[in-house]
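Colleague: Given next are the chains, with one letter for each unit.
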Amino acid sequence: MSETVMSLHVGLYHFLIVSAILFSLGIYGVITRKNAIMVLMGIELILNSANINFIAFARFGLMNLTGQVVALFVIILAAAEAAVLLAIVLNIFQQLNTVNVDEVDKLKN
Amino acid sequence: MSPIVQMDPFGKSTLINLAMAVLFLPLAGFVLLIFFGKKIPRQDLLETGILFAALALSIYIMVQKVFFLTVPKIDFTFRWIDLGSVIGGQSIPIDLGIAIDNITAIMLVVVTLISALVHLFSLGYMHDDIRYSRYYAYLGFFSFSMLGIVLANNLLMMYVFWELVGISSYLLIGHWYEKKSASDAGKKAFIVNRVGDVGFFIGIMIVYTSLHTFLFSGIFSGIANGQLSGTLLTVAGILIFCGAVGKSAQFPLHVWLPDAMEGPTPVSALIHAATMVAAGVYLVARVYPMLTAEALTVIAYIGAITAFISATIAITQNDIKKVLAYSTISQLGYMVMALGVGAFSAGFFHLVTHAAFKAGLFLGSGSVIYAMHHEQDMRQMGGLRRKMPITYWSFVIFSLSIAGIPFTSGFLSKDSILAGTLAYGMLTGNYLIPIIGYAVVFLTATYMFRLIIMTFHGEPKDHHKFEHAKESPAVMTIPLVVLAALSLFVFYSFNPFNPDKGWFLQAVVKPESVVPVAQRYGWDQVEEPQAANTVAANLAAAPATRIPTSSQVYEEALEKIHYSGLALSLTLALLGIFSAFLIYQWKKIDAEKLKQSVKPVYTFLLNKWYFDELYNATVVGGTILVSKIFSWFDSKIIDGIVNGAASLARVWSALSGKFDNYAVDGLVNFSAWFTGLLGSGIRKTQTGKVQTYIVFALLGVIIIFFAFRSF
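Protein chains in written order, with the working numbering: chain R, 196 to 304; chain D, 646 to 1356.
In short, the hints are calculated from the structure, not lab data. It is possible that some hints are incorrect.
Straight-line alpha carbon distances no greater than 27 Å define the calculated DSSO-like cross-link-like pairs of lysine-lysine that follow [claimed, not checked]:
| # | chain 1 | residue 1 | chain 2 | residue 2 |
| --- | --- | --- | --- | --- |
| 1 | R | Lys229 | D | Lys1273 |
| 2 | D | Lys1334 | R | Lys301 |
| 3 | D | Lys1329 | R | Lys229 |
| 4 | D | Lys1281 | R | Lys301 |
Computed Cβ-Cβ distance ranges for the label pairs, DEER-style [what the hints assert, rightly or not]:
| # | chain 1 | residue 1 | chain 2 | residue 2 | range |
| --- | --- | --- | --- | --- | --- |
| 5 | R | Gly256 | D | Trp1318 | 55 to 61 Å |
| 6 | R | His209 | D | Val1346 | 43 to 49 Å |
| 7 | D | Ala1308 | R | Ile283 | 51 to 57 Å |
| 8 | D | Gly1326 | R | His209 | 41 to 47 Å |
| 9 | R | Tyr223 | D | Leu1312 | 45 to 51 Å |
| 10 | R | Ile283 | D | Asn1314 | 40 to 46 Å |
| 11 | D | Thr1332 | R | Ala274 | 55 to 61 Å |
| 12 | R | Leu211 | D | Leu1312 | 56 to 62 Å |
| 13 | R | Thr261 | D | Thr1332 | 50 to 56 Å |
| 14 | D | Trp1318 | R | Val269 | 47 to 53 Å |
| 15 | R | Leu281 | D | Gly1326 | 37 to 43 Å |
| 16 | D | Gly1326 | R | Leu272 | 39 to 45 Å |
Since this is a predicted model, take the numbers as computed values, not measurements. Virtual Cβ for every residue (Gly too), placed ideally from N, Cα, C.
Same shape as in the complex, but just chain R:
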């Protein structure tokens, strides 16, 4: 492994590390942000980190095109999900005049 690093050859582990960093950032965003839009963006980061993993494994593993196909699906789902979530957030904002997820607790109590 050290050899690969040494020769600056970009291998599976690089992708995985990037993906892990991206995932951690996404989780961090989801956990710490109060703004629903920011939480949404965190989720997008998580999804994209998973995409990187898929493609990395597809490239370095022996998985033919399956990884790429799944990634494409994820992208499509993410787009759809973003659209739905944005619509929900817009509605919440219209109803409650806030996008702070901590204040949206109407189902509680």
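Given the coordinates of chain R, work out where chain D should sit on it, guided by the hints.
Modeller: Quick look at chain D alone, frame taken from chain R:
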């Protein structure tokens, strides 16, 4: 055990099938009327037609059986239930079936004939009744039940149909149940009959436990084999006779029949004069071979007492139907007495002739009541002779017949009975029975002509009703004419003075007794040497060679007294008619003065020997007393026990409640509190914020990652 089905080439099975048809036709009519009565136009004609069809079939059966078939009895038996084996390995099946012998065949015609004529009569009498189709339905149901009694060849079916006629009688007595007296009379009839039926039932059970069969043939052969004898046989006979006491209104259970006159008059004619009340007599005739001398003596005395008591009551009554009711009881007493003294054929003969003329009398009284707009008190009548000639003349024929005047059927049958009682009195020394028999002849003639004179002769008392009275329509007079014709001698014997050679008494033969020889009447003990396996038979065997046979002794005794007895009864009957004319027609003797001179006796008779009062005071009062005692027992003792149990349960439940409240609830509350404590600790982790959960989930994933990491 008799074979299950007896088939033969003589057309007997055809007769059995026809008899079945006669039995079930009225039932079919009943079912149609009860379920589809509203949809059938002219339900009355349907039922009447059915009965006339049954009558035609019955006449065919009777002619075939009595005049052409040589076998004494056609039997159709089937196995109803097999109860398996009892201890001792013997199997006890219950066989049922129907049988036709001469008595049955004649009874079939009697029942269907009277029933058909009563149906016809009711077309006029009941035509504006509120429950017209129901009335006809019940009449059909009654006919079915009565025919069932007649056809049954076993005690079980007989008992079932016995109860069915009881219920149809109850329903028809209470036909106008809006009237309290009618519904009360129905209940009284039913309950008084129950008393007799309990005895009947016990009698059947005695027979069944001893002989394991209900079939008459099986019972008789079992008794002939000595399987049931001695006192138990006598007791069984008397208990079975109890059923007849109830149904045939014999003393001491005769009180229901006069009250039963609350029913419509045609019903009284059919059920309470001609057929159902004769069922008791028919029952005694059916079981006649198994009756011992003691039982027969009891029967004879019961019959004689009944005949006398009710004849004396009939003289004082003023309700036209009450007079006839007591007359019926009296004549039934005659029949029972005849059977008791051994004049079997005469008793049955009287049953048949009485059915015709008494049904006629009741239908005649119905015609009178109809004309008088439901007035039944004879003191309000009078002079109806000119207004209702057909009713009047048929009534006269019936009355002559019941009084026993020559050229009528009643003369023939009554005289046979009286001759029988005389022979019995001479052979056994019981002279009380013939004396009562002859006294009743006088009384019968008197009260019948008192009735005729008060109703039809003299001046009308109630002019308003008299003006409106007119002869009844043809549907009501035709039955009267038919019955009046049947009250003449010619239908039963061509010799108007001696019926012995007539077809009837030739057809109705006294059955051989099957009881042990020692238990028969004295003159009857010298036959059948083959039954010589008892001590008594051995005693009887020695003189058997010298003494003439039983029937000869009896016949000789009969022969000796027949004509003197005949003269005596005729004299008494004429005397009775004469005295009735003397008092009520010509008024030579003032009836009121006569009443005053024997006032205590008159009051006693007018109040029917105080039987109702006696029973009210003893039986009814006793029942009420017992029920009060039980009610006290119930409210104090039983309720006390129940209440005590309840308070005990309450104390116990209070204690267990305390235990529940403190011990069990404490435990439950503690566990709840403890759970709550835990919960409040753990609740801190549940912030309700998604982010927190994600942190936890992440931590969990990291922990799992390290836990399952492969080193």
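Colleague: State for each hint whether it applies.
Modeller: Going through the hints against the structure:
no. : hint                              : in the structure
1   : R:Lys229 to D:Lys1273             : violated, 90 Å
2   : D:Lys1334 to R:Lys301             : holds, 13 Å
3   : D:Lys1329 to R:Lys229             : holds, 21 Å
4   : D:Lys1281 to R:Lys301             : violated, 69 Å
5   : R:Gly256 to D:Trp1318: 55 to 61 Å : holds, 57 Å
6   : R:His209 to D:Val1346: 43 to 49 Å : violated, 23 Å
7   : D:Ala1308 to R:Ile283: 51 to 57 Å : holds, 55 Å
8   : D:Gly1326 to R:His209: 41 to 47 Å : holds, 46 Å
9   : R:Tyr223 to D:Leu1312: 45 to 51 Å : holds, 49 Å
10  : R:Ile283 to D:Asn1314: 40 to 46 Å : holds, 45 Å
11  : D:Thr1332 to R:Ala274: 55 to 61 Å : violated, 32 Å
12  : R:Leu211 to D:Leu1312: 56 to 62 Å : holds, 57 Å
13  : R:Thr261 to D:Thr1332: 50 to 56 Å : violated, 40 Å
14  : D:Trp1318 to R:Val269: 47 to 53 Å : holds, 50 Å
15  : R:Leu281 to D:Gly1326: 37 to 43 Å : holds, 40 Å
16  : D:Gly1326 to R:Leu272: 39 to 45 Å : holds, 40 Å
The structure fails to meet hints 1, 4, 6, 11 and 13 from the earlier list, while all remaining hints are met.
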